[in-house]
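Engineer: The residues making up each chain are set out below.
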Amino acid sequence: MSIYEITDKPIDPQRYADHVLRPEAGAVVTFTGHVREWTKGIRTLYLSYEAYVPMAEKKMAQIGGEIEEKWEGTCVAIAHRIGELDVGEVAVVIAVSSPHRKAAYEANEYAIERIKQDVPIWKKEIWETGEQWIGDQNKKPEVRNP
Amino acid sequence: MINLLYFAGIRDLTGVPEEQAPLAGRTVGELLEWAEEKYPGIRGGGARVAVNEEYALEGDVLAEGDTAAIIPPVSGG
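Chains A and B supply the protein sequences, listed in that same order.
The first sequence begins at 1 in our numbering and counts up by one.
The second sequence begins at 1 in our numbering and counts up by one.
What the hints contain is simulated information worked out from the structure, not anything from laboratory work.
Watch out, some of these pointers could steer you wrong.
[Claimed, not checked] The list that follows gives simulated cross-link-like pairs (lysine to any residue, SDA-like), each with its CA atoms no further than 25 angstroms apart:
| no. | chain 1 | residue 1 | chain 2 | residue 2 |
| --- | --- | --- | --- | --- |
| 1 | A | K124 | B | G15 |
| 2 | A | K58 | B | G46 |
| 3 | A | K124 | B | L23 |
| 4 | A | K58 | B | G41 |
| 5 | A | K124 | B | L13 |
| 6 | A | K40 | B | G45 |
[Unchecked claim] Distance windows between CB atoms, simulated:
| no. | chain 1 | residue 1 | chain 2 | residue 2 | range |
| --- | --- | --- | --- | --- | --- |
| 7 | A | K116 | B | E54 | 24 to 34 angstroms |
| 8 | B | P22 | A | E24 | 46 to 56 angstroms |
| 9 | A | D18 | B | E53 | 22 to 32 angstroms |
Values in this document were obtained by computation on a predicted structure and should not be read as measured data.
Note that CB positions come from ideal geometry on N, CA and C, so glycine has one too.
Please build the complete structure, drawing on both the sequences and the hints.
Structural biologist: Following this line, the structure appears as structure tokens:
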């Protein structure tokens with residue numbers, strides 16, 4: 001049994017690590033992504049996340065399926081939060097268990113890269129000087145309402 | 001009719017989160033042309049279309065009752 005969920009409640013990462021723990025797992029890697037205060041010199045006050053919930057949960061489950069196929073013996077749980085999040089709060093958790101650590105590390109990184117490509121979730125950054133939906137994270141945010 | 005869903009920056013542009021459009025039998029590419037005419041700029045920035053919760057190709061044909069979401073570049077994580 002796996003968990004792939006979008007939630008509007010605070011995320012408890014341990015719950016997902018516990019969920020993937022099994023007797024045959026010698027390693028559990030848990031990644032948490034947090035709200036960062038500073039991005040390229042611009043201070044974020046808080047973030048607002050939105051998702052196309054049913055599709056996002058489906059895409060996360062597909063990513064979990066890809067992982068369990070690529071790295072034998074892995075088990076995956078993923079959750080992403082939506083709504084308003086303060087600096088430091090957990091936006092995403094990915095827990096992967098596997099018999100040995102290498103697969104768990106690799107699979108965990110694969111999961112976050114795939115989430116950033118395909119899962120329909122959007123982040124709006126709210127700054128002291130304005131706000132903007134973020135699409136391409138490599139692009140410097142432009143201040144719309146200075 | 002096709003149910004259309006809009007999210008994030010695209011919803012800011014359309015001003016509505018969803019609407020219906022008479023696009024059954026038309027392709028995803030034609031849907032994007034229809035949307036661009038109604039909401040100039042909607043295609044800019046690399047929006048994708050998902051039909052019934054799966055990413056679709058521009059040549060895919062829409063069927064009566066399908067739900068098509070216009071997906072701006074995602075930024076989860």
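Engineer: Run every hint past the structure and note whether it holds.
Structural biologist: To see whether the hints hold, each was checked on the structure:
| no. | hint | in the structure |
| --- | --- | --- |
| 1 | K124/A to G15/B | holds (17 angstroms) |
| 2 | K58/A to G46/B | holds (22 angstroms) |
| 3 | K124/A to L23/B | violated (31 angstroms) |
| 4 | K58/A to G41/B | violated (29 angstroms) |
| 5 | K124/A to L13/B | holds (15 angstroms) |
| 6 | K40/A to G45/B | holds (21 angstroms) |
| 7 | K116/A to E54/B: 24 to 34 angstroms | violated (19 angstroms) |
| 8 | P22/B to E24/A: 46 to 56 angstroms | holds (54 angstroms) |
| 9 | D18/A to E53/B: 22 to 32 angstroms | holds (29 angstroms) |
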